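Residue 228 in full-length UniProt numbering is what sits at position 228 of the sequence shown, and the numbering runs on without skipping anything.
Just so you know, these hints were derived from the structure itself, not from any lab. Errors might be hidden in some of the hints.
Pair by pair, the computed Cβ-Cβ distance ranges are [as the list claims (entries may be wrong)]:
| no. | residue 1 | residue 2 | range |
| --- | --- | --- | --- |
| 1 | E206 | K132 | 18 to 26 angstroms |
| 2 | P205 | V259 | 16 to 24 angstroms |
| 3 | P190 | E303 | 22 to 30 angstroms |
| 4 | R151 | P98 | 14 to 22 angstroms |
| 5 | E303 | K210 | 16 to 24 angstroms |
| 6 | P98 | V259 | 28 to 36 angstroms |
| 7 | G302 | K132 | 34 to 42 angstroms |
| 8 | K200 | H88 | 43 to 51 angstroms |
| 9 | K179 | G260 | 38 to 46 angstroms |
| 10 | A261 | R151 | 12 to 20 angstroms |
| 11 | W256 | W289 | 13 to 21 angstroms |
| 12 | V36 | S129 | 31 to 39 angstroms |
| 13 | T269 | K210 | 22 to 30 angstroms |
Keeping only pairs whose Cα atoms sit at most 25 angstroms apart, straight-line, the calculated DMTMM-like set for lysine to aspartate or glutamate is [as the list claims (entries may be wrong)]:
| no. | residue 1 | residue 2 |
| --- | --- | --- |
| 14 | K89 | E147 |
| 15 | K116 | E133 |
| 16 | K124 | D241 |
| 17 | K154 | E90 |
| 18 | K154 | E236 |
| 19 | K255 | D243 |
| 20 | K116 | E236 |
| 21 | K116 | D199 |
| 22 | K271 | D281 |
| 23 | K124 | D281 |
| 24 | K106 | E133 |
| 25 | K200 | D232 |
| 26 | K200 | D243 |
| 27 | K200 | E155 |
| 28 | K203 | D243 |
| 29 | K271 | D221 |
| 30 | K255 | E147 |
| 31 | K127 | E109 |
| 32 | K132 | D241 |
| 33 | K210 | D241 |
| 34 | K203 | E303 |
| 35 | K154 | D221 |
| 36 | K127 | E147 |
| 37 | K271 | E303 |
| 38 | K106 | E90 |
| 39 | K271 | D243 |
| 40 | K203 | E147 |
Quick caveat, the model's predicted, so the values are computed rather than measured. Each residue gets a CB set at the ideal place from its N, CA and C atoms; glycine is no exception.
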Amino acid sequence: MGNSHHKSVENRNQKHSVHARDGQAYTSQFSLSHFVGNLSGRSFASVTSGQSVYSASRPWSRVSRRRWNDSTLKNPLEASKTAWPVAHKESIFLPEFPITTDLIQKDFEIIASIAKGAFGEVLKVNKLSENKEYALKVLHKAQIVSENAVRQVKEEARIQAAVGHHIFIAGAVSRWQTKKRLYIVSEYIPGGELLALIDKYSKLPEELVKILLAEIAVAIDFLHNAGVIYRDLKPENILLDSDCHVQLVDFGLSKWLSVGARTTTLCGTLKYMAPEVMQRDPYGHSADWWSLGVLTCRMLTGEVTLMKIG
C-alpha cells in the first residue's frame with residue numbers, strides 16, 4: 001500500500017539504531033517564528049503524580065519444567081499441547097519485549113529514516129490501520145548481544161515505561177520482538193531536534209529559551225523524583241512538538257538512582273558532562289543539572305565552553 005517509494009518494515013534489511021546517532025540531525029518542520037509565536041499564553045506545570053507501576057510479566061521461557069515433564073510422562077497428548085521453551089535470543093529480552101510474529105510489521109509503512117546508530121535505526125512510519133504517523137525504533141538483537149548491551153536495552157525500556165506518561169517525556173506506545181529484531185513504537189514528534197533549531201539560528205531568543213529551560217527542568221526534576229538519573233542531556237535528545245513543547249527522548253544511558261545515591265560510571269557526551277563524571281568521582285543527580293546549564297548556554301550563545309580539569 002502507499003506510494004511506490006515506501007517500504008514495509010518487514011522488508012527493511014538495513015542496520016538500525018537508537019542509542020547512538022550517525023549523520024544529520026532530525027530537522028524541524030517549523031521555523032523559529034513558529035516556535036516564538038507559540039509562546040503567547042503558554043503555561044506549564046510539573047506533573048506530580050507518582051510514577052506508573054511497572055509490572056513485569058513472567059517470561060515465557062520459565063514454563064515449569066516439572067509440569068512439562070509430568071505431562072510428558074503421564075499424557076503424551078497433553079504434552080504435545082505444552083509450550084516449547086523459548087529460544088535464548090528471545091527469552092533474554094523478556095518480559096520487556098513480548099514475542100510476536102512478523103505479521104505485525106505489515107501494518108507499518110516506512111516514510112523516512114530519522115536517525116541511525118550502533119544498534120539500528122529510528123524510522124518515521126505510517127500505521128496503516130490507523131492512518132497515523134509514529135516513530136519506530138528497530139534494533140538488531142545480534143548487535144546488542146555482541147556489544148553486551150542486553151541489560152542496557154532492557155533497563156531503558158523499563159525506565160521509559162515508568163516515566164513516559166509525563167507531559168515533557170516521550171513515552172513508548174508499544175514494544176515487541178521477533179527472532180532477529182526489537183521494535184519500539186513512540187508518538188512521532190514533528191518539530192524535530194532542538195539541535196537543528198540551534199544550528200539553524202545559532203542564538204535563540206531569550207523568551208523562547210526561558211520556556212524551553214523551564215520545561216526541560218520540570219522533566220529532569222520528575223526523573224530524579226522517580227529515582228532516575230538521565231546522564232545524557234543534550235540538544236539531540238530534546239524534540240519539539242508542533243506546539244513548541246519539549247519531549248525528552250533516548251534513555252539509553254539513564255539509570256535507576258535514588259535521591260542521595262551515587263554512581264561512578266563514565267558515560268554521557270563530553271561537552272555536556274559534569275566535572276565529577278569526567279574525573280570518575282562518585283556523582284548523583286546534580287550531574288544532570290550541570291548538563292542543563294551547559295545546554296542553556298548553548299541555546300543563548302550558540303556555543304559550548306569546555307572547562308579545564310586539573
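Go through the numbered hints given earlier and state which of them the structure violates, listing their numbers in rising order.
Hints 1, 2, 19, 23, 27, 36, 39, 40 are the ones this structure does not satisfy, whereas the remaining hints hold.
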